[in-house]
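4 protein chains.
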Amino acid sequence: MRIKLIIIFLIGLSLISQAQNNPNNTPLLNGNNNQRNHLLIPNITGFITLTGDFHTHTVFSDGEVWPTVRVQEAWEEGIDIIAITDHIEYRPHKTYLQGDHNTSFDIAQIEAKKKNILLIKGSEITRGMPPGHLNALFINDANLLDKTDWKDALNEASQQNALLIWNHPGWRVQQPDSTKLFDIHKELIANKRISGIEVANYTEWYPIALDWCITNHLAVFANSDIHEPIQQVFDRSVTHRPMTLVFVRENSLDGVKEAITSARTIAWFDKQLAGPTDLLAKLVKASIKVGIPFYRTGNEETDVKYFEITNKSDFYFEFFNDSKTNGAPQKFSLQPRKSIIVKVFKNERTLKCTLTNIHTGMNQNLTIDLLKR
Amino acid sequence: MRIKLIIIFLIGLSLISQAQNNPNNTPLLNGNNNQRNHLLIPNITGFITLTGDFHTHTVFSDGEVWPTVRVQEAWEEGIDIIAITDHIEYRPHKTYLQGDHNTSFDIAQIEAKKKNILLIKGSEITRGMPPGHLNALFINDANLLDKTDWKDALNEASQQNALLIWNHPGWRVQQPDSTKLFDIHKELIANKRISGIEVANYTEWYPIALDWCITNHLAVFANSDIHEPIQQVFDRSVTHRPMTLVFVRENSLDGVKEAITSARTIAWFDKQLAGPTDLLAKLVKASIKVGIPFYRTGNEETDVKYFEITNKSDFYFEFFNDSKTNGAPQKFSLQPRKSIIVKVFKNERTLKCTLTNIHTGMNQNLTIDLLKR
Amino acid sequence: MRIKLIIIFLIGLSLISQAQNNPNNTPLLNGNNNQRNHLLIPNITGFITLTGDFHTHTVFSDGEVWPTVRVQEAWEEGIDIIAITDHIEYRPHKTYLQGDHNTSFDIAQIEAKKKNILLIKGSEITRGMPPGHLNALFINDANLLDKTDWKDALNEASQQNALLIWNHPGWRVQQPDSTKLFDIHKELIANKRISGIEVANYTEWYPIALDWCITNHLAVFANSDIHEPIQQVFDRSVTHRPMTLVFVRENSLDGVKEAITSARTIAWFDKQLAGPTDLLAKLVKASIKVGIPFYRTGNEETDVKYFEITNKSDFYFEFFNDSKTNGAPQKFSLQPRKSIIVKVFKNERTLKCTLTNIHTGMNQNLTIDLLKR
Amino acid sequence: MRIKLIIIFLIGLSLISQAQNNPNNTPLLNGNNNQRNHLLIPNITGFITLTGDFHTHTVFSDGEVWPTVRVQEAWEEGIDIIAITDHIEYRPHKTYLQGDHNTSFDIAQIEAKKKNILLIKGSEITRGMPPGHLNALFINDANLLDKTDWKDALNEASQQNALLIWNHPGWRVQQPDSTKLFDIHKELIANKRISGIEVANYTEWYPIALDWCITNHLAVFANSDIHEPIQQVFDRSVTHRPMTLVFVRENSLDGVKEAITSARTIAWFDKQLAGPTDLLAKLVKASIKVGIPFYRTGNEETDVKYFEITNKSDFYFEFFNDSKTNGAPQKFSLQPRKSIIVKVFKNERTLKCTLTNIHTGMNQNLTIDLLKR
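Residue numbers (the working numbering), protein chains in the order written: chain H, 96 to 468; chain Z, 96 to 468; chain P, 96 to 468; chain X, 96 to 468.
Bear in mind the hints are in silico, worked out from the structure with no lab data behind them. It cannot be assumed that every hint is accurate.
Any copy, or any two copies together, can satisfy a pair, since identical chains are not distinguished.
To be verified - As a list, the in silico SDA-like pairs of lysine to any residue whose alpha-carbon atoms are at most 20 angstroms apart: (1) Lys366 to Val333; (2) Lys366 to Asn119; (3) Lys275 to Thr356; (4) Lys419 to Asp272; (5) Lys281 to Leu134; (6) Lys208 to Met224; (7) Lys189 to Leu450.
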C-alpha cells in the first residue's frame, strides 16, 4: 500500500493511533516503534552535550538502506547529529543507481528537517593505505572530491573548509599486524590537516589511536560506519551504536564544527568511554551522585559507614578501588540508571578509584575520589 | 554456605566484585542484581516526590518471605518507603513462628537502616465486611491492636496517632457484586477516622474509590499487598508494582505522615495514574517537555508545523486529541523516556488533549493543552 | 570500510569470531546479531510447516532497503519463504534507480541462495479500487505486467502461471467505511483467478476476509507489506512480523505453490492465528501437550484433579472455558514455551474450551476439548 | 487480602483470568507470571533428561523464603527436581521459628504435589573445613543428623541410605588460597561415602572439582545454594540458576537416586556445561543439528560450501575451529534456539571444533567434528 498516501501517516505516533471507521479493519498492538529514545546524557559546565554518528553509508555507495533510513534510525536511537559519508571511490550499486555524490545527502536532508536532526554533508575518501579512508565533513559539494590523486581530494576538502577525520586506523585489512601511524599521517597531523581520528568504529576499538588524539589535541570519534539497517548490527534491546559525544556552545552545525575543531569530543562505544581527561572528569561528575553516609555501624572494631552512589546517566561505570585497606570492595560496577551502596571504614576520608572502562589513554584510565566533594 | 560470614558480602555490589585469590574458584557474570533502580519521577514545586508501598506481608502473617526481603525488594525497585502490615487476626504460620505482632517490623528495621529505606510500622486489621481490612500505619505497638471488637482496635490505633487506610474496597471476596461504601465507612470518613483508601491493590483497581477520595479529601493509595516474592507477581523486566507517590515537605517519616494527612498522594499502577487534579497536573508538567515548533511545511493548503514532546519520566501517557480539525492524530501515546513528533496545522494555538490513562475521577481524566505554555 | 573485502566476512558468524592479530584492534561484544531464530512451529501430519512473507518492498519501488536486506531479515527472523513484490505502477525512487521490474528479484536471489531462503519472484499490481492491489507470485518476467489496463496485467500473470493474491482488502484508503467485496472481486473469485487474500497486512487484520477465504476455499495470508527495515516496525524483542504458515508436501518453490493452490495456509499475526478449522485443529494438537492428572485432592466435597498443559510452540493460546461448573477458571492463557496447571473437578471427563485468539471465521473460533485424547 | 480464600485462586493461571462481576474492580494486565518455563533440553538415547537443583535454603535455616516458595520458583523456572537442604548446625532464625529439621520439607511437600515437582528430603551438614559442608540427600529423618561429631552425622546419613554431596569445595571462606582435597575428602571418596561434588555453586565454579569427579566416577553438580528469592540473584530475563542435568531411566525419586549413584549428571551453569565426555557428547548431539551443504560457490579458487548448524536447545555453544586452513572462521558461537551458516572449502570432509564452553575436565573441552555424521 502506501502510494503517495504516506503523507497521511503522522511520523512519530504510535500505530494504534489510527482512526478506526472500518469495522473490519482491526489494528494490532505493536512495540516501541516510532518513539525516540530519550538518552540520559548530562550537559557539562559551559557546554551542551550532543550525540553524533559521523560515519554512515547508504545505497548510494555500498550501504543497504535508502538515505532517509539513516535519519529515522538516528532519531529513534536518540542521536542528535549524523553525517552521510558515502564512499567517493567505491559505489558498487552504481549500475542500478543514478545520482551524483551529493544525492544521498539531498534525499536525507528532507527527512532530517522533519526529525530535527543535524545532518552533516560528508563523503568518505576511500584509498589504500596510506592514507586509508578519510571522512570529509561539512563539505559543500561532494562531486569535487572525486579526484585521481588523493592529495587533490584532500586539498579540495580544505578549499571547502571541510574537516577531515581518519577512519578506523586499526582496520585489519589495511593494518594487518599493528595499528600504526604512517609518515603521511604524521605529516597530515603536523600540518593540522586532520581534525580527528576514529578510536572506535563499528564493532572494534583502537586504544593506541586514543594516545594519538590526546598527544596531538585531535577530536576522538566513535562512529558506526554502518552499512546495514542499524538494528541488524546494534540491537537496541541490548546495546547502542558507537557514538561521539560533542560538547557544543550552541546546538547547530556551526556549534558542532567548532567543538570538533576544539577537540571537545568523547568516544562512547559499548560500555566504554574514551577521550581527554578533563572532559571525562566533568562528564562523570555530572553523571553520578555520591550521597553522604546515611548509616554507621556501632561495632567499634569493624565500624563502617554506608553511602549511596547513583548513576543518573545511560553510561556504565566500573570501579577499581585503589586501596586494599579502606573496607570497600576491590571492584564494583554501576549500571545505567542504578544506584549502589558502598561501605568504607568510618574514618576514611578518601575512596580513590580507577574507572577501568573510562579511558584517558591507551594504558590510562580516569581516577576519581568518591568521598571527595 | 553463608554462615555468619554474610557480613563479608558488601551489600549492593555486583557479584563480579569478589576478590579472586583462589585460582580454582571462577566467578560467573550475572544480571542486574543488587543494584537499585533509579526511578525517573520528578519533584513538583514545593515538594519532594517519594515512592511508597504501604501494604506488604511477611511470613509473620500469611506472607512467604522473611521481613528483610521486603526491604531488599523495595530498595532494588527504587521505592523509598514501605510499611510492613502483617495481619493481626490471620497468622496461618503461627504454628511454626513465635514472635508477636511487632516482630516482623523489628526484623525489617535493621535492614531498612542499611538500605536507607523509610520503614513504617503498621498492621492490617483484618475483619469481615464491614469494615473489611484496614491498615493502621505509624503505630507504636501492634500488639495492642489485637482486640475482639474491631472498634476497639481502631480506637487503639487512634490512641497511637496511627493513620488508617481502607484496603482493597472492591475486593470481590468482600464486595462480590459492586464496590460500595457501607454506612460504617461513611461514618468513619465523616468522623475523619480514615486518612486514605486504596484505589489500586495487587493486580486490580477500583475507579469508584477514586471519587470517594476526591470528594472527601482522602489520600489515594496504590499498594502491592504483596505476599509472594515481589518478582513472582510484578516482574521488573515488564512492569512495576503498584506504588503510591507521596509529595513531602521533608524526606522523613514525619514528612510522609504529614503528606498523607494532607492527601498529597497519587496512585501509580501499571500504566495508570490516579489522584487529585492539581497534583496530577503538576506531575505531568514536570514529566514532559513540549518543544517549540522546529519545522514548517511550505505548502499553503496543508501547511503544518512539527514539534516534539519528550517524556523525561518513567510514566506512560496516552493522549486523546479533543479536536478533529487541528491536523494532529486522534490518539497517540508517549512511552517512558521517549519522545514523539506531533504535527498540527500552522495556525493552531491550542492542542487540547485528554490523558486517557490519567484519572482525576471515576469517569474523569486530566486534560492538558500541549501548545499552551 | 568493507570495500570488496566483504567477501572475507563469513556470513552468519558472531562478530567475536574475527581473528585478532593486531593488538590495537579490540573487538567488542555484541548482541544476537547474525544468528537465525529457530522458530518452534510444528509440522502437521503429512505436511512440513514452512513460514512465509509473501509481500515485501525494496528501494526499487517505494521501499527503503536494498533487496538483499529482505533476505537477511527473513533469515534472521526464521522465515523460510519470501516474495519480493515491488509495485509495478508506483516507483517513486525511479529518478535515482535504473533497472527494470525484475531487478530487485535478481539482486535478492544471489543472497537467497547463500541463506537457503526460498525466494518467490513477484510483483504488486497496484491499482485504484476496484480491483485494488494484487500480488502476482511465481511470475517469470515482471516487465510484462506493466500494462495500461489492469485486466491485461492479470491476464499476463495467468499466462505466466502466476498466483494472484488480493492484498489488504480492508485498507482504509481504498475501503474507508467498510471492508467489502466489489463485483470485480466476486467475479475474479468465481473464475478462480484469485488464489488467496490477505487477512492480515502490516499492523492490521480484516476478520471478514477470513470468511471470504473459507467460503471460497482460498488461501489465507498474513504478510508484512514491509517498506522499512523490518525491525523499525516489528521489533523482534517484543513481536514478530505477520507470517503465513504454509503446509507443504515438499520443501521447494513448487511445494509452496501447490500448498497455496490447495489453500493449505494459516495466517499468524501478533498473537492471533486464522485459517481453516481442520488445519488449525491439527496445528494446535501438534503444539500443545495435555498431561494426565498428576494430583488429586482428598477432600470429598471440592475434590479436584490437577493436570498440566504445555505449549511446545511459539504460538500463544487464550482459552475460554465453555462450562461454568467444571471447576476450571473461566479464562486462561498459555504463552509460548510455557506450561500451566489447570484444576477440574475429579469426575469431569471433558473440558471444552474456545480458543479466543484462534479464528476459524469472522465470528468463529476453534474449540477444543482439553480432556479428550 | 487472601485469608483462607487463597484456595479460590487457581494455580498456574494468568491473572487476567479472574471473573469480573464487580464493575468497579478492574484487573490490570501483568507479565509472564505463573507460567512454567518449558526448557528445551533434549533426552539422550536411553535416558530422560531431568533438571534439578539439589541445594536450597528456607527460613528454617538461614534462607529468606517460606519452603513453598522454593517449589513455586522451581516450577516457574522449568526445574523438575529440588532438594530442600537447610543447615543442621546453623539456624539463625530459630529465635522466631519453632519446628524441627524436618519441618521445611514437610511444608514444601504439599506444594510439590500440586506442582508435580520431585522433592528430595535433604539437609546440609555444616562444618568447618575439613570436611566443610555436605548435603545429605534422600534422607528419612533430618533430626537424627543433628550430632556433635560430623562423623556420626555422616554415619547416620548412611544408615538412612542417603547420598552425600560435597558442597562448594572452592568456597573462599573455607579454601582461601586454593581449591584442594583434604585427606578426609580423599578418604571419603576412597570409601565411596561421597556420591558427588558441586563443581558449580551460586555464582562461581571450581574447575578442579570436575577432574575429581571424572577421576573418581562421582556425579557432578551445579546447584544454586539459594537463600534469597531466586530472582534476586538469578534474574530469569537474563540468566538461569545453576542446574544439574540428571539422566534417569524413570521419572521418579528412585530414578534420580539411581542416576546420581551412577554418576549420570551434567552441571549447567551460566553458559557452561561440565561433566563426563560421553554424556556431554550425547547431549550436544541431541541438541544441535548440522544440515547438509545447501550452496556452493562456482569460483574454482575460493570455492566454498555453505551449511547450517541449528541449536534446538536452551544451551549455548562456543566453537573453536581446530584447523586454520579449512575456510571456516577460527571462533564462532551458537546461541539458544538459533542457527548459523558456516562456510568451508568445498573439499573439506571434516570440521573439527573444540567446544570451549563445554568442559570435560579442568583443562579439557569436548571436541566435535561438525561435518562427520
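So, going through the hints one by one against the coordinates:
no.	hint	result
1	Lys366 to Val333	both (11 angstroms within a copy, 17 angstroms between copies)
2	Lys366 to Asn119	between (48 angstroms within a copy, 18 angstroms between copies)
3	Lys275 to Thr356	neither (23 angstroms within a copy, 60 angstroms between copies)
4	Lys419 to Asp272	between (39 angstroms within a copy, 17 angstroms between copies)
5	Lys281 to Leu134	neither (37 angstroms within a copy, 49 angstroms between copies)
6	Lys208 to Met224	neither (37 angstroms within a copy, 34 angstroms between copies)
7	Lys189 to Leu450	neither (47 angstroms within a copy, 44 angstroms between copies)
Of the numbered hints stated above, those contradicted by the structure are hints 3, 5, 6, 7, listed in ascending order.
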